[in-house]
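Given only the sequences and the hints, what does the whole structure look like? Please build it.
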Amino acid sequence: MKNNPEFIINGILSGDRSVLARGITIVENDLNGAEEIISKIEEKTGNAFILGITGPPGAGKSTFTSSFVTELRKQNLKIGIIAVDPSSPFTGGAVLGDRIRMRVHTKDENVFMRSLGSRGALGGLSLKTSRIVSLMDAFGMDVIIVETVGVGQSETEISKTADMTAVILAPGFGDDIQALKAGILEIADIFVVNKSDLAGADKLELELKQTLKLNYTDTSIPVIKCCSTRDDDFENVYSEIKKRVDYFKKEKILDERRLNRKRRDIYDLIKSEIEKITEEKIKKLGGIDSILNMTDGKVYLTEELKNLVKM
Amino acid sequence: MKKIKVIVAKPGLDGHDRGAKVIARALRDAGFEVIYTGIRQTPEDIAVIAQEEDADVIAMSLLSGAHNTLFPKVVELLKEKGLGDRLVVGGGVIPESDIPFLKEKGIKEIFTPGSKTEELINFIKENVKCDEE
Ligand SMILES: Nc1nc2c(ncn2[C@@H]2O[C@H](COP(=O)(O)OP(=O)(O)O)[C@@H](O)[C@H]2O)c(=O)[nH]1
Ligand SMILES: [Mg+2]
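Going down the list, the sequences are from chains Y and S.
Residue numbering for the first sequence follows our numbering, starting at 1 and increasing by one per position.
Residue numbering for the second sequence follows our numbering, starting at 1001 and increasing by one per position.
Among the clues, some could well be false.
Claimed, not checked - 25 Å max Cα-Cα, derived BS3-like pairs, lysine-lysine: (1) Y:Lys203 / Y:Lys225; (2) Y:Lys281 / S:Lys1002; (3) Y:Lys271 / S:Lys1002; (4) S:Lys1003 / Y:Lys2.
Derived from the structure by calculation, the hints contain no laboratory data.
Model, not experiment: these values are computed from the prediction.
Spelled out as C-alpha cells, the structure:
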C-alpha cells in the first residue's frame, strides 16, 4: 500500500478503512509523512466525542466498551475504539487481546477498532493516541473510545487525551478503594461499578460514594452500577453518560479539556524533537563512551561538556 | 523503528486455543506486536481485523481440517481489501499433500505440528515486507 501523504489524506476523507489503518500506522510509528498528514487533517477534526475508559486489569473495561458500543450503535453513531495495552519493556513485544471481547462488532462497518501497544514510549504515548484520535475523528467517527489499563503513570497520562474519563471498578478488582493506585481516582469524571451481578458490588458502590463525599468538592461525579456481560443496563448507562456530557458542554469543561490537550501535545512534540537532537548530539560527540572519557568516567557536567552541548 | 505486527487467528470450529496462545506469547517474546483474535473466527472477521490493525503478518492455526477452504478464503478477502501484500502463514494438522495447493493459493508457508516456533519467527523476519518509508 502507498504511504504518500496525499493518498492517505484523501483515503481517510473518502472513508477508505484500509487507508485509515495505514494512516494510523504512519502516525503511530512516526514514519515519513506523519506531520503532513496531521497538519492537513486537523481542520477536519473536532466532531468526535472522546471517551476514556480506564481501571484495573480485569475490571471489565473491554466488556463494558463492547456493550456500550452496542447501545451507541442503536443511535446510529459511528464508533472508533483504541485499545491500549502494555508492551513488554524488555522486548517491546505485546499480546493485544482486547479484540476477543469486542468481536460482536468486528463486521460492523461503522465500528473501527485499533489495538495499540504502549511500548514504553517515553512521553510519546499520549501524543500518539491524540493523533490516532484525530485521524478517526476526520474519518467521521462520532464517538471515540480510548481504553487504557489504569496501572502505571503512562496509562493515566493517556486519559488526558479524552474529553471525559470513566473509571471502571469491580468487586475483587480494587474493592479496596484505599489501595487503588493514587491518581486513578482523581482522573475520574464518571465511576462505573461493574459486575453488579457479583456479591460485593453494592459494598463497593457504597464505599466509593463515601470516599467521594469525603474527598471531593465536585459531588456531581456519577457512580453508575451495571453488569457488562448483559445489554440490559446499557440504556441507563448511556443516559447517565449523556447527562454528564451535556453538563461538560454547558459548563465549557469540554473546551477547556481540548485546549489543555493541545497544550500538552505540543509540549510532548517539542520534547520528542529535543530527544532526537540529544541523540544526534551524543553521536556527534563520538558516542556515550567517549563522553564518559571526557569526564574521566565521572557523571557530572564539566565546563567543557557544558560548552560542547550548547554548541 | 516500526514493530512487526502479527495477527494470530483461529478460523474454523475447533475450540482449542492453547497452541495459538503459546504461539502468540512466543511471537511477543521475539519482539513482535501480536493481536490475538480468539477462537472460531470467520475468514471475514480475520480479514477485517488484519485491515483495521494494518497487520504485516496473518498467522492462522487450524486443527479442524477445513484449511483448504478457510486459508485461501482469507487470502482472497485480504486481496479485496487491498492487503494482497501481507504475509499469510498457516499451521496445524495439515497433510503434506495439501501444502502445494495452499502455497499456490497464496499461503506463503505451512508449519506442521512438528515445527518449532523459532522456525515461524525466523520465517516472518526473513519474509515480512514492513515498508517503513
Ligand atoms: N460476572 C461478570 N463478569 C464480567 C462483567 N464484565 C466483565 N466480566 C468478565 O471479567 C473478565 C475481564 O473482562 P475484560 O473486559 O477483559 O476486563 P478488562 O481487562 O478491564 O478489559 C472477563 O472474563 C469478563 O467476561 C460483569 O459485569 N459481570
Ligand atoms: Mg481490556
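Right, here's what the structure says about each hint:
The hinted pair formed by lysine 203 of chain Y and lysine 225 of chain Y meets the criterion: a straight-line CA distance of about 11 Å does not exceed 25 Å. Between the alpha carbons of lysine 281 of chain Y and lysine 1002 of chain S the distance comes to roughly 23 Å, so the proposed pair stays at or under 25 Å and holds. Of the supplied pair hints, the one linking lysine 271 of chain Y and lysine 1002 of chain S holds, its CA atoms being roughly 20 Å apart against a limit of 25 Å. Under the criterion of a C-alpha separation no larger than 25 Å, the hint pairing lysine 1003 of chain S with lysine 2 of chain Y is consistent with the structure, at around 18 Å.
In this structure, every one of the numbered hints holds.
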